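Novice: The lines below spell out each chain.
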Amino acid sequence: MKIVVLAKQVPDTRNVGPDAMTPEGTVNRAALPAVFNPEDLNALEQALRLKDQFPGSTISVVTMGLPKSAEVIREALYRGADEGYVVTDRCLGGADTLATSYTLSQAIRKIGDFDIILGGRQAIDGDTAQVGPQIAEKLGLTQVTYAEEILSVDTDARKIVIKRHIDGGVETVEAPLPLVVTVNGSAAPCRPRNAKRVMKYKNATVIAERSAEDAAKYDELIAKKPFLNITQWGASDIEADPAQIGKAGSPTNVKAVQNIVFKAKDSRTMTSSDSDVEGLIIELLNEKIIG
Amino acid sequence: MNNVFVYCEIEGTTVADVSIELLTKGRKLANTLGVQLECICAGSGLDGVEKQVMKYGVDCVHVFDADGLFPYTSNPHTALVVNLFKEEQPQICLMGATVIGRDLGPRVSSALHSGLTADCTELEIGDFDMTVGRDENNMPVKKHYEQQLYQIRPAFGGNIVATIVNPEHRPQMATVRSGVMKAEVLDENYNGKVVKHDVAKYVPETEYVVKVLERHVEAAKNNLKGAPIVVAGGYGMGSKEGFDMLFELAKVIHGEVGASRAAVDAGFCDHSLQIGQTGVTVRPKVYIACGISGAIQHVAGMKDSGIIISINNDENAPINTIADYIINGNVEEVVPKLIKYYKKNSK
Chain X
104 MKIVVLAKQV PDTRNVGPDA MTPEGTVNRA ALPAVFNPED LNALEQALRL
154 KDQFPGSTIS VVTMGLPKSA EVIREALYRG ADEGYVVTDR CLGGADTLAT
204 SYTLSQAIRK IGDFDIILGG RQAIDGDTAQ VGPQIAEKLG LTQVTYAEEI
254 LSVDTDARKI VIKRHIDGGV ETVEAPLPLV VTVNGSAAPC RPRNAKRVMK
304 YKNATVIAER SAEDAAKYDE LIAKKPFLNI TQWGASDIEA DPAQIGKAGS
354 PTNVKAVQNI VFKAKDSRTM TSSDSDVEGL IIELLNEKII G
Chain E
1378 MNNVFVYCEI EGTTVADVSI ELLTKGRKLA NTLGVQLECI CAGSGLDGVE
1428 KQVMKYGVDC VHVFDADGLF PYTSNPHTAL VVNLFKEEQP QICLMGATVI
1478 GRDLGPRVSS ALHSGLTADC TELEIGDFDM TVGRDENNMP VKKHYEQQLY
1528 QIRPAFGGNI VATIVNPEHR PQMATVRSGV MKAEVLDENY NGKVVKHDVA
1578 KYVPETEYVV KVLERHVEAA KNNLKGAPIV VAGGYGMGSK EGFDMLFELA
1628 KVIHGEVGAS RAAVDAGFCD HSLQIGQTGV TVRPKVYIAC GISGAIQHVA
1678 GMKDSGIIIS INNDENAPIN TIADYIINGN VEEVVPKLIK YYKKNSK
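Protein chains in written order, with our numbering: chain X, 104 to 394; chain E, 1378 to 1724.
The set of hints was computed from the structure by calculation and includes no laboratory data.
Partner residues aside, some chain X positions facing chain E, computed with beta carbon under 7 Å:
#1 Ala232
#2 Gln233
#3 Lys241
#4 Asp270
#5 Val276
#6 Thr374
In silico DSSO-like pairs for lysine-lysine, Cα to Cα no more than 27 Å straight-line:
#7 X/Lys358 to E/Lys1680
#8 E/Lys1662 to E/Lys1559
#9 E/Lys1628 to X/Lys391
Pair by pair, the computed Cβ-Cβ distance ranges are:
#10 E/Val1629 to X/Phe157: 51 to 59 Å
#11 E/Met1507 to X/Pro345: 17 to 25 Å
#12 E/His1490 to X/Asp369: 45 to 53 Å
#13 E/Glu1591 to X/Pro345: 42 to 50 Å
#14 X/Lys213 to E/His1490: 18 to 26 Å
#15 E/Ser1616 to X/Ser339: 49 to 57 Å
#16 X/Gly159 to E/Gly1644: 31 to 39 Å
Here the structure is a predicted model, which means the values were calculated and not measured.
For glycine and all other residues, C-beta sits at the position ideal for the given N, C-alpha and C.
Let the hints inform the model, and build the full structure from the sequences given.
Specialist: Structure follows, in structure tokens:
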């Protein structure tokens, strides 16, 4: 099978400390480590399982972001992916989910041949869950979101059976290939890195990561080991319509951003002493707030 | 044309609570804008479905009733919404931030090239000035847009609240979680109209591509949403064992147990207990926050509680600023005392 996995490098919003915002109210990116979006790893595991089941399958990982986001491609290569693509271009900045899904769908069109596109249900920096379905719509494919597990694939009949979460339950659906599948965080966790693959791919880079002085060294290395070149595409490489990418291609505008300031309420503070706690209980009971 | 639409989610033949809540919100938005409120009900066996929705002030119910529209699958529902919207040109479309709404919304927004904001906690109408260029003196040239939908949501790990607008594209789409808005019957005899559509005209046969082989839906495992007393635990409960103490407190005071995302992520309890922007929204009479620091996403899901009691050993925990009672102390010490003195003093 030809499998495409969508991955995103995200600031780790799960462990936001008090230094996450600068005094000026902007996001202090330095305080937030960049990580592989967790649910994209669940998606990668489903891809790797398909590859286990159908030897000879290839897994292509696609990301859009800064050149540094090649880190998620390397991580995916360490865990068993076959190749990676980083879509990076200054003009892609400021993209909302619609412009992002357009850009990624153009990259997938350029890759061309695929049976299934897998991605995490949502990214932890936005929690929108929009890019997967929007890519499906743009490529004219159907989708199965909130997937828990791929149960079976019939490559002759071009059908896939997937267990997915729905509100208050689960359902099992049969869908045609090719399609887009988004995977939940509760699905099987991704297998760890493979030591041999780490050795093989640790010097894999995109052009933008290589400094001018190292360029010759990398050219030599890649001439011998072409798999160390992670494909880097700009907007023109994927024939993106300038009106549909970046800020220009984004219908949503941020009108205002407010820092969170809680308004202090008239409150009573007490200690954890027996008399304070009992006093509170008696007060709440007397005022019929509880009981 | 130019009306407010709500996509009603339907389980079996019953319209979901979240959709009803959005009808009430949609009615208010429509009143502010001076337009009509319309809704879409799509499923199988929907005779009389308008009786469930009309009383919330719906001026027009669009019914799509055909085999294959229940259970929900992505393509047919996308096709009918997109094709109806091409005719009706709504200015606003609201959907539940449920599995269905989060599957359908992005597909519709992509097909119509319109903006969609997920998990809004507030929706308002207001004006917007956008910089569209620079004049000869390099001063910003602004374009003024009236009566835009402000889509308000916490963002970026809850450190900020963002207001999103979609000035140039219609419909302005937003999803909202269950319980965030409040359902209110407008008029039991509200007299809107019902339009029964020929589904085949909107949904080509080729769209029925996904088959649902098996389906299990259970009623909610807990009654968090309607509970008068909620005992919620956060990361400060320390462990699963520590968290379990809250079930005892909840049982004694006849409440339900909830949790912050941090407690769920740490594995202290089941995901279904999560309160906040990406969980359940609650409005209990009493909310007891145990070891919860109070990230904005959590606060978004409980700020309308009657009395808020915060138990925390960090006196600067953000949640304390919205609490009515603050107990400075360790939860493992305070919670057993609450149980003990409640038992002692209640009759």
